[in-house]
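Participant: Take a look at the letters that make up each chain.
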Amino acid sequence: MTKNSVVATLFRFQSVFGLLAVVVAAIIFSPRKNGAILFVSADNLANVVRAVSEIGIIAVGMTFVILIGGIDLSVGAMLGLAAVGSAVLMVESDWGFLPSVLLVLVIGLVFGALQGAATAMIGIQSFIVTLAGLQIARGLARIWSDGQGVAIAYGDGPNEAPASFALLGERTFGGLVPIPVLIFAVVAVAAIVFLRVSAFSRHLYAVGGNEKAARLSGVPVVRVKVAVFAICGLLAALAGIVHAVQLNQGSPNDGIGYELDAIAAVVIGGTSLAGGRGSVAGTVAGALLLGVLNNILALNNIDSNIQLLIKGLVIVAAAALQRLRPAS
Amino acid sequence: MGGALVRMVGIGKRYGGVQACRAIDFTLGAGEVHALLGENGAGKSTLMRILSGDVTDYDGQIEIDGTPVGFSGPPDAQAAGIAMIHQELDLVPGLSVADNIFLGRELRTPLRTVDRRRMEGSARALLARSGVRLDPRRPVGELRVGEQQLVTIAKAISLDARVLIMDEPTSALTTAEVERLFDVIRELRRAGVGIVYISHRMEEIAQIADRATVLRNGEVVTSFDPRALSTAEVVEAMVGRPVQTMFTTAETDTGAEVLRVESLKLTARRPRPGRRDPDGISLTVRAGEIVGLAGLLGAGRTELLETLYGVAPRGAVEGRIFLQGKEIRPRSPRQALAHGIGLVPEDRRTSGLVLFHSILANTVVSSLPAYGRLGVIARRQERAASVGMAERMRLKFGRLQDEVGTLSGGNQQKVVFGRMLLTEPRLLLLDEPTRGVDVGAKAEIYRLLGELAGQGLGVLLASSELPELVGVCDRVVVLRDGRDVASFSTANSGEGELLAAAMGELQ
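Chains L and D are the protein sequences, given in the same order.
Okay, so the first sequence: first residue is 1 according to UniProt numbering, each after it adds one.
Okay, so the second sequence: first residue is 1 according to UniProt numbering, each after it adds one.
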């Protein structure tokens, strides 16, 4: 391995190395209890991943959108709409678990597809389309819930959600892995595999890399865009369902600002906002990095405002490192 | 005329192995309009870039009013009274006409703020002098290309230049606008301004120029009085061979008809300035035949290829397109490819490749469904296809994973070619396939074209390089103003006829 290829590898897996660095720092600075490092306790680690699972699921979808050179600002609002939808359908409308979840997922899918169609066919920038989408989804959530949070109680009676829904918030594998974490992991692995093996992913990267060239090469650009925004909307809705089960409620104010955290995870993960370059693996590392950072700061009782400050600096540092990436 | 205003003596300039200018002597008198003629690459632009201070390392000497000068850059030349109007309009679309004219030398009020009223007044007067009625407050981006051209001319005039270099100033103007421009030129001439006028349009040169100089391969071939020579004689000087006016309808009857276009006409819903959509084009391409598309800038070559490939702007299409006898009307590249039509676009960097993606990804993107099943790529098949194509194209590369942007221009072009061939087209549309490609790669591309034609592919090749058209094509169709005006067999005719037809002399 030449020196150059070492450097190239370092940059390629920049977010993974960044994550490792933050984990090492977390271990060093972790408070200890009876000699045990609190950070690495199974409970704490499960909590770290559980805390990032919603943002993580959203960020996977966001990676797709950013890979085609777009952005989706509506995902936080979509999460709120999905959380409200799950709660209202199961608690107030007495729907079953599966129909409710399916309907909510379809709403996310269709909402995303419509946004994709608006940017691809009318040619409005996705920033603007999804800015509008954000308002619309938030408005729909308020209307659907009458502006109130809907608490979820479980049971078989009226105004109670089916107990099967509560299972989504439980733990599995001997009580070690929270189901939301499992869902995040499945989504991430599926996305990574999909981007590696599917012909569609070639089209997706081509559209993000050079839309005009992609079109002239026969890539169905409109179809790719619609599909990508649909996937992003679907995953945001899934995150909303997870959110509802974790908090036992659906509130129209859920997920405010989540889109920005998701974008931050994608950027730290090394995906280029210009499109055509990046990976879901990087995004997962980026989301975990943010999660570990939050966790270690909280463990040390550092003021949450300082946490924000540090998060901001990390984002800038990650972006700056990418500028240094050697043009291979 | 006493002493010449500009005297360039023994000008030479070499770019790598190419001698762009070779011991050129060129003079311009005060109040003279001196036309400069020559094929693409004859050295016109280089010579004028030297005069306007854009190129500073050259051999020979320039004198202005008998005093030797050496410019350090365009501002230096402007200070000496030399202004150039470039073909690419250097205007800021978002700024108003007045702001553009005074860009970088804004008029100020005593308070040092921009004096809009004075700038608009001056701009209005300047425009009026150029015979244009334009509101100086309008953003330049809203104007037609022709109007933008007039704004750059007004801007050049506002510099009070003594020497004005105009590079194809009329390429986007209407006849009426050309007339007004000529009035302005005549007025400038009376005021003693020397004007270098570069154009391909013979009738304009005969109308406005006092003297014309023809360059070929970086040398002055002849200087003459434009009213005294016929177009045929001028073309002969430009090409360097006598023009035999010989039309032939004999077509190579190798193979069946691949493409037939009948009176193709596109009326764009929203016409864009500077575009020349097909306005009644008929032509055929047979299997194994390479048909050239000739024509001046703005004759509609690219627009024809775009219409055939389904990427022209939306609008009403009249006429018919047949591919292998079946009538088609592609509405997207995807449909065109499905019919068996491939396109190698003009600018591979902006329209051909994703430069930072791998050679592999770039070669297979058009033919992906062929590898694997159910939307899953069979990596080995894909690799094999890419490797096979690279060998067939004699691509020089390291690994398939390397970024395409690291390849030389010629090899990049081969990747675009290879991608199209992997779709197994029946008809290949090529738009300036050898632009920006070195001589070696050019030869490779020509060899490949011959090979493909030998295998029964039909090729439609748009090019502005006459030697390429004559050398590579079996037959050349000449376009002018969106219409096909002539068709030659290259066995019987040469560059001269093509150029003459493109310029509008032969019918």
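Misleading hints may appear alongside valid ones.
What the hints assert, rightly or not - Covered stretches of chain L (in silico footprint by chain D; criterion: 3 or more residues with CB under 8 Å from a CB of chain D, positions within the stretch not fixed): (1) 35-45; (2) 202-209; (3) 293-304.
As the list claims (entries may be wrong) - Using C-beta positions, here's what the derived DEER-type ranges look like: (4) D:451 to L:212: 41 to 51 Å; (5) D:141 to L:94: 56 to 66 Å; (6) L:7 to D:405: 16 to 26 Å; (7) D:381 to L:323: 17 to 27 Å; (8) L:128 to D:187: 27 to 37 Å.
What the hints assert, rightly or not - Once the Cα atoms are required to be at most 27 Å apart in a straight line, the calculated DSS-like pairs of lysine-lysine come out as: (9) D:326 to D:265; (10) L:33 to D:326; (11) D:265 to L:212; (12) L:212 to D:442; (13) D:396 to D:326.
Keep in mind that the hints were calculated from the coordinates and are not lab data.
All values reported here derive from a predicted model rather than from experimental measurement.
Positions of the beta carbon are idealized from the N, C-alpha and C atoms, including for glycine.
Participant: For every hint, state whether the structure bears it out.
Facilitator: Do the hints match the structure? See the list:
Under the rule that three or more residues need a Cβ within less than 8 Å of chain D, the assignment of the region 35-45 of chain L is violated, with 0 such residues. Residues of the region 202-209 of chain L with a Cβ under 8 Å from some Cβ of chain D number 5, which satisfies the need for three, so the listed coverage holds. Check on the region 293-304 of chain L: 0 of its residues sit with their Cβ under 8 Å from a Cβ of chain D, so the three-residue criterion for coverage is violated. Between residue 451 (chain D) and residue 212 (chain L) the Cβ separation comes to about 29 Å, which falls outside the hinted range of 41 to 51 Å.
About 59 Å separates the C-beta atoms of residue 141 (chain D) and residue 94 (chain L), a value consistent with the hinted range of 56 to 66 Å. In this structure, residue 7 (chain L) and residue 405 (chain D) meet the distance hint of 16 to 26 Å, their C-beta atoms being roughly 19 Å apart. At roughly 38 Å, the beta carbons of residue 381 (chain D) and residue 323 (chain L) sit outside the given window of 17 to 27 Å. Range check, residue 128 (chain L) to residue 187 (chain D): about 49 Å between beta-carbon atoms, so the 27 to 37 Å window is missed.
Straight-line distance between C-alpha atoms of residue 326 (chain D) and residue 265 (chain D) comes to about 19 Å, which keeps the hinted pair within the 27 Å bound. Note on residue 33 (chain L) and residue 326 (chain D): the hinted pairing is violated, with a Cα-Cα distance of about 81 Å set against a maximum of 27 Å. Taken as a hint, the residue 265 (chain D) and residue 212 (chain L) pair is honoured in the structure, with Cα atoms around 24 Å apart against an allowance of 27 Å. Among the hinted pairs, residue 212 (chain L) with residue 442 (chain D) is consistent with the structure: their alpha-carbon atoms are about 25 Å apart, no more than 27 Å.
Distance check on the hinted pair: residue 396 (chain D) and residue 326 (chain D) sit about 39 Å apart at the alpha-carbon level, beyond 27 Å; violated.
Comparing the model with each numbered hint stated earlier shows that hints 1, 3, 4, 7, 8, 10 and 13 do not hold.
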